[in-house]
Amino acid sequence: MRQAFHELSLSTRGRGLYDFTAEVAAWIRQGKYQNGLVTLHLRHTSASLLIQENADPDVRVDLENFFKRLVPDGDRLFIHTCEGADDMPAHIRTALTTVNLSLPLHQGRLALGTWQGIYLWEHRQAPHTRQVVLHFIGE
Amino acid sequence: MRQAFHELSLSTRGRGLYDFTAEVAAWIRQGKYQNGLVTLHLRHTSASLLIQENADPDVRVDLENFFKRLVPDGDRLFIHTCEGADDMPAHIRTALTTVNLSLPLHQGRLALGTWQGIYLWEHRQAPHTRQVVLHFIGE
Amino acid sequence: MRQAFHELSLSTRGRGLYDFTAEVAAWIRQGKYQNGLVTLHLRHTSASLLIQENADPDVRVDLENFFKRLVPDGDRLFIHTCEGADDMPAHIRTALTTVNLSLPLHQGRLALGTWQGIYLWEHRQAPHTRQVVLHFIGE
Chain A
161 MRQAFHELSL STRGRGLYDF TAEVAAWIRQ GKYQNGLVTL HLRHTSASLL IQENADPDVR
221 VDLENFFKRL VPDGDRLFIH TCEGADDMPA HIRTALTTVN LSLPLHQGRL ALGTWQGIYL
281 WEHRQAPHTR QVVLHFIGE
Chain B
161 MRQAFHELSL STRGRGLYDF TAEVAAWIRQ GKYQNGLVTL HLRHTSASLL IQENADPDVR
221 VDLENFFKRL VPDGDRLFIH TCEGADDMPA HIRTALTTVN LSLPLHQGRL ALGTWQGIYL
281 WEHRQAPHTR QVVLHFIGE
Chain C
161 MRQAFHELSL STRGRGLYDF TAEVAAWIRQ GKYQNGLVTL HLRHTSASLL IQENADPDVR
221 VDLENFFKRL VPDGDRLFIH TCEGADDMPA HIRTALTTVN LSLPLHQGRL ALGTWQGIYL
281 WEHRQAPHTR QVVLHFIGE
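Residue numbers (the numbering used here), protein chains in the order written: chain A, 161 to 299; chain B, 161 to 299; chain C, 161 to 299.
Please note: incorrect hints may appear among the correct ones.
Quick list of in silico lysine-lysine cross-link-like pairs, DSBU-like style, CA-CA up to 35 Å [to be verified]:
id, chain 1, residue 1, chain 2, residue 2
1, A, K192, B, K192
2, C, K228, B, K228
3, A, K228, B, K228
Simulated from the structure, these hints should not be mistaken for lab results. Just so it is clear, the structure is predicted and the values come from calculations on it, not from any experiment.
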């Protein structure tokens, strides 16, 4: 039984969903990890980790539009507005989703379904660099 | 320290919450797993895993009705409608909840509280078969 | 490779966010855990675990107010009202967030970002005592 740690640095071009399944898979391949548990932790409170459909890009458009309507930028309800109209909505969108994921790895393959991709969901309007910690325990 | 993998195939009769705590517990019992971490991963993007109240069935009725109101089927906002009026709402309901869970196992018992059950939440109207990958690491 | 289990008992003064990062860190320090995975599981269905901003307390005020508006106490939609107007909203708020978290531990430090704290989010109006199971696997 062994462990491994890694940190991915992902650049976003502002709000939206960014598929980084390939980066996670590349790290697993390079370490020759076979069977175990892979945990991803995003070190931010205004972006999320999300497992979602990787086929039709319209799904991402609709997800974005739904969350935009559910948690409107510039809502008068908010008092924490120091970084702008999208500041507090970004925190709420993060609370409504999650910042960590745990995926079984079996015979060198993540347990993802055929249509599942791993996304970084940037909730801020401006481009950001986001850190994701990867952890593996297994064989 | 050892590991084990399993895949449950769960049949749904359409939208609703399905308790499968017993299936998970049976797998743990059969493998005689005592202390460790149990991870569940659902391989779909239109259904969720949820830990919720297992006592009053009204809780499930209210959960369903709340989500029906929050993410209405056939909402004009959506462009991804290829599989019908409940297609995109199913993806959003999944994004608002989760597809993986990690539960400590201590002395052969999952760390669930007295009123907690493990549910598969089917978000599509039609019956589906859903795959849940189970992983154990421990002793 | 070793494991450890612990149970924290957290007292709340009613609805709100309670930072208990220090209690988790103290348990890690006392056990001299260095590298591994720390899992937290909350044994309730009317409170959540949340990783959120630990700087400006206004973020917590806004989160609370947003959820109050999204899932109103006493909503006529609900039939499960046996414990009062905040009973069913508490279950829904829990479904919209989560009850378990998994955090990598590297060189004795949790993988939390600078602005991330671990919160117990009490959703009931009355004070409660909440149990959080902690699990460590690693070295």
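Each hint, compared with the structure:
1. K192(A) with K192(B): OK: K192(A) and K192(B) at ~29 Å, within 35 Å.
2. K228(C) with K228(B): With a Cα-Cα distance of about 18 Å, the restraint between K228(C) and K228(B) holds, given a limit of 35 Å.
3. K228(A) with K228(B): Holds, because 18 Å separates the two Cα atoms, which is no more than 35 Å.
Hint compliance for this structure: every hint is met.
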